[in-house]
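Taking the hints into account, I'd like the entire structure generated from these sequences.
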Amino acid sequence: MTRTNDIILRTTTTLIAFILLGFSAYLFFAGHNAPGGGFIGGLMTSAAIVLMYMAYGIKSMEKILPINFRHVIPVGLLIAALTGVGGLLFDQPFLTQTFAYFQLPILGKTELATALLFDLGVYLAVVGVTMTIILTIANDRGEEEGV
Amino acid sequence: MEEMLNVTQSLVEYTTLICITGVSISLIILLYRAIKGPSNPDRAVALDIIGINLMALAGLIAILLVTTKFNDVILLIGILLFIGTVALAKFLEKGVIIERDMD
Numbered sequence: 001m002t003r004t005n006d007i008i009l010r011t012t013t014t015l016i017a018f019i020l021l022g023f024s025a026y027l028f029f030a031g032h033n034a035p036g037g038g039f040i041g042g043l044m045t046s047a048a049i050v051l052m053y054m055a056y057g058i059k060s061m062e063k064i065l066p067i068n069f070r071h072v073i074p075v076g077l078l079i080a081a082l083t084g085v086g087g088l089l090f091d092q093p094f095l096t097q098t099f100a101y102f103q104l105p106i107l108g109k110t111e112l113a114t115a116l117l118f119d120l121g122v123y124l125a126v127v128g129v130t131m132t133i134i135l136t137i138a139n140d141r142g143e144e145e146g147v
Numbered sequence: 001m002e003e004m005l006n007v008t009q010s011l012v013e014y015t016t017l018i019c020i021t022g023v024s025i026s027l028i029i030l031l032y033r034a035i036k037g038p039s040n041p042d043r044a045v046a047l048d049i050i051g052i053n054l055m056a057l058a059g060l061i062a063i064l065l066v067t068t069k070f071n072d073v074i075l076l077i078g079i080l081l082f083i084g085t086v087a088l089a090k091f092l093e094k095g096v097i098i099e100r101d102m103d
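Chains as they are written, first to last, in my numbering: chain S, 1 to 147; chain E, 1 to 103.
Derived from the structure by calculation, the hints contain no laboratory data.
Incorrect hints may have been included.
Under 7 Å between C-beta atoms, here's a sample of chain E residues computed to sit facing chain S [as the list claims (entries may be wrong)]:
id: 1; residue: Glu13
id: 2; residue: Lys36
id: 3; residue: Val45
id: 4; residue: Val66
id: 5; residue: Asp72
id: 6; residue: Ile83
id: 7; residue: Val86
id: 8; residue: Glu99
id: 9; residue: Arg100
Derived lysine-lysine pairs resembling DSSO-like cross-links, with alpha carbons at most 27 Å apart [to be verified]:
id: 10; chain 1: S; residue 1: Lys63; chain 2: E; residue 2: Lys90
id: 11; chain 1: S; residue 1: Lys109; chain 2: E; residue 2: Lys36
id: 12; chain 1: E; residue 1: Lys36; chain 2: E; residue 2: Lys69
id: 13; chain 1: E; residue 1: Lys90; chain 2: S; residue 2: Lys59
id: 14; chain 1: E; residue 1: Lys36; chain 2: E; residue 2: Lys94
id: 15; chain 1: S; residue 1: Lys63; chain 2: E; residue 2: Lys94
id: 16; chain 1: E; residue 1: Lys69; chain 2: S; residue 2: Lys59
Counterexamples of contact, computed for chain E against chain S with all Cβ distances above 10 Å [to be verified]:
id: 17; residue: Pro41
id: 18; residue: Val73
id: 19; residue: Met102
No experiment lies behind these values; they were computed from the predicted model shown.
Every residue, glycine too, gets a C-beta built ideally from N, C-alpha and C.
In structure tokens form, the structure reads like this:
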């Protein structure tokens, strides 16, 4: 098979993956008052990572992003469960969420909710599950065939 | 002044409705190409443009419903469309979507 030169794909990927990660962060933080949240933010992040995988191949991506996505799932589940347990410490029912106002340096008066931490758990679990599914399917053959 | 506002509003509404009709007709013609298309690249291009038309439709319906909550959806459709088209193109060209070693 002839070697193809996909420089256009690689150059646009460096730009578009950057925009995608920014958009996913926006969706993640906008989830409280607008459409968005942990699930769709995690899906967008994994879309960016999949795009990089498609442009650069598995071998170089394992060098750039040395994360085993199977380990991301329990971390996300643990964060989500711990925010639930945190309510028990203050004599409240399980999964009680609270919020408070803080003065932050640049943002000014900001409402910070513990629901964001729960959302972070959802985000990590979604990224882990999506990337595990896609990478195991992409990896399953080719070891012996050498495609 | 009030009359002027009403005229503008109905103008926007009718324009949006006409545009939605146009986009719908183009979607139906594209669907014909996606079903009938003799080769697989024909279908891939047709599906790509169906997605672009869906973006236009979402924008027009956001105008009709007077909301800004659809703007994220439009961007999202564009991104997913790009990734889907790249994956389809890689599959048609090389047979694999994510290669093991590219260099």
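Now the hints, each set against the structure:
1. Glu13: Constraint on glutamate 13 of chain E not satisfied, violated at 24 Å.
2. Lys36: Interface hint status for lysine 36 of chain E: violated (29 Å vs cutoff 7 Å).
3. Val45: violated, 17 Å
4. Val66: With a closest approach of 16 Å, the valine 66 of chain E hint is violated.
5. Asp72: holds, 5 Å
6. Ile83: holds, 6 Å
7. Val86: With a closest approach of 6 Å, the valine 86 of chain E hint holds.
8. Glu99: holds, 5 Å
9. Arg100: Check passed: Cβ of arginine 100 of chain E comes within 5 Å of chain S, closer than 7 Å.
10. S/Lys63 / E/Lys90: holds, 22 Å
11. S/Lys109 / E/Lys36: Answer violated: lysine 109 of chain S to lysine 36 of chain E is near 58 Å, above 27 Å.
12. E/Lys36 / E/Lys69: Violated, because 36 Å separates the two Cα atoms, which is more than 27 Å.
13. E/Lys90 / S/Lys59: Answer holds: lysine 90 of chain E to lysine 59 of chain S is near 17 Å, not above 27 Å.
14. E/Lys36 / E/Lys94: holds, 24 Å
15. S/Lys63 / E/Lys94: Holds, at roughly 23 Å.
16. E/Lys69 / S/Lys59: Distance of about 40 Å is beyond 27 Å: violated.
17. Pro41: Holds: least Cβ distance 16 Å, greater than 10 Å.
18. Val73: Its Cβ does come within 10 Å of chain S, the nearest being 7 Å, so this is violated.
19. Met102: violated, 4 Å
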